[in-house]
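Chemist: Sequence:
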Amino acid sequence: MTINPDRYFRTIKTLDTFVDRSLDLMPNAPNLSGFNYDLDLLYAAVANTYIETVGSHADSLHLAIKRVTASDIYSEYLKTVEILSDRFQLIEKDVVLAFDYTEENFYGDVQGFWIYGWTGEHAVTGKFKFLTCSIVSSDIPQKIPLISIPVYVGHSMANEVCRCYSMVKPIVKSIKLVIFDRGFFSKDLLITLNTACYPYLIFVPKNEKVKKELEQMALYEKKKIIYEFRLNKNKTVIKGETTLALLKNIFDKRSGKKFDWSFATNQLEIKLDSFVPTYKCRWRIETGFRVQDEAHIMSKSVHANIRFFYFVYEQVLQLLWVVLYKEEVSFKEFLLGLYEFCKSRNSKSEGS
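Just so we're aligned, residue 1 is where the sequence shown starts under this note's numbering, counting upward by one.
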């Protein structure tokens, strides 16, 4: 399908604006701006290669990124989400959200607090890590990432989750539920979410308590129990509790196998039969990451802000496609069309 060039023009202008505002650049100034950088960024995204290899302005772009903070970048992304979400009235929606960590491979000498050490398998020595919050509501077709932030080694997961929650809360009508996988199950997060009255559903790893409870249950039994616990934090013992939902030997149509499930929640109105299908909505965030991988911009930089900017730029591309083009062209076709239009635009500008 052929896209009207006027639409690509407006989309490119949105990208220009995101780059300019997140990096505090002046459009139409003597210095380089989003107008110039977008061509390099789109080329690297289409080719899934190093921007230092294909871009003619990589050094200048990296200097610009180093001058701003991560909050400048994700705040501007959130503004872009707000503007585009007017098209499907996000502010009037009751949403289900999911959190997940995603990683960016690093191949050099691991140093600093922003690179997590890795095994060296496939030459990967470290990873940058980002925390992402996305819409996964079954009744909202626009499954978009709402916010992403970089996280350093030793960060407080509970604090960062709540920070993201507080940033996305104003752009929706209400948050019905937040879904987490087993990697988020911690006493600190449970206490923090309960204290803030944030609605959650967390997949619980099968620890000794969960295993013991499941062993005592009959086949196909489903039940809820109160789980009381204590957290030692800052030389203080904090008491907490949550509701555990346990489901024994549940048949999964997708795999044709039976599984035991365990969840933690503070939403007592969720019916036992609804826990598994509700949790499976979280898998949509992983689908979003796979789509984003098609626009992966590689870099040799060890600077966390630079890697984060490229990650967020990929999410802007995904956001634009989901909201404006998804029903017409594939993500890859969208990227190619946008790149070709940008190349033509910039070429005409140089010739004038």
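It is worth saying that the hints were derived from the structure and are not from the lab. Worth double-checking, as some hints may not be accurate.
Derived SDA-like pairs: lysine to any residue, alpha-carbon spacing no greater than 25 angstroms straight-line [stated by the list, open to error]:
{"no.": "1", "residue 1": "173", "residue 2": "158"}
{"no.": "2", "residue 1": "271", "residue 2": "199"}
{"no.": "3", "residue 1": "223", "residue 2": "271"}
{"no.": "4", "residue 1": "271", "residue 2": "237"}
{"no.": "5", "residue 1": "248", "residue 2": "234"}
{"no.": "6", "residue 1": "176", "residue 2": "212"}
{"no.": "7", "residue 1": "66", "residue 2": "142"}
{"no.": "8", "residue 1": "212", "residue 2": "195"}
{"no.": "9", "residue 1": "258", "residue 2": "195"}
{"no.": "10", "residue 1": "206", "residue 2": "239"}
{"no.": "11", "residue 1": "173", "residue 2": "239"}
{"no.": "12", "residue 1": "176", "residue 2": "66"}
{"no.": "13", "residue 1": "206", "residue 2": "101"}
{"no.": "14", "residue 1": "13", "residue 2": "223"}
{"no.": "15", "residue 1": "271", "residue 2": "228"}
{"no.": "16", "residue 1": "271", "residue 2": "348"}
{"no.": "17", "residue 1": "209", "residue 2": "195"}
So the derived label-pair ranges between C-beta atoms look like this [as the list claims (entries may be wrong)]:
{"no.": "18", "residue 1": "52", "residue 2": "234", "range": "23 to 33 angstroms"}
{"no.": "19", "residue 1": "230", "residue 2": "154", "range": "28 to 38 angstroms"}
{"no.": "20", "residue 1": "119", "residue 2": "259", "range": "21 to 31 angstroms"}
Remember, predicted model here, so these are calculated numbers, not experimental data. Here a beta-carbon is modelled for each residue, glycine too, at the ideal position from N, C-alpha and C.
Chemist: Could you run down the list of hints and mark each one as holding or not?
Modeler: Structure-based check of all given hints:
1. 173 to 158: holds, 23 angstroms
2. 271 to 199: holds, 15 angstroms
3. 223 to 271: The hint holds at about 10 angstroms.
4. 271 to 237: violated, 32 angstroms
5. 248 to 234: Violated: residue 248 and residue 234 sit about 37 angstroms apart, past 25 angstroms.
6. 176 to 212: violated, 31 angstroms
7. 66 to 142: violated, 32 angstroms
8. 212 to 195: violated, 28 angstroms
9. 258 to 195: Outside the cut-off at roughly 35 angstroms; violated.
10. 206 to 239: The given pair, whose Cα atoms are some 21 angstroms apart, holds under the 25 angstroms limit.
11. 173 to 239: Measuring from Cα to Cα gives roughly 32 angstroms; hence the hint is violated.
12. 176 to 66: violated, 37 angstroms
13. 206 to 101: holds, 21 angstroms
14. 13 to 223: violated, 54 angstroms
15. 271 to 228: holds, 21 angstroms
16. 271 to 348: violated, 60 angstroms
17. 209 to 195: holds, 24 angstroms
18. 52 to 234: 23 to 33 angstroms: violated, 44 angstroms
19. 230 to 154: 28 to 38 angstroms: Cβ of residue 230 to Cβ of residue 154: about 23 angstroms, so the range 28 to 38 angstroms is violated.
20. 119 to 259: 21 to 31 angstroms: holds, 29 angstroms
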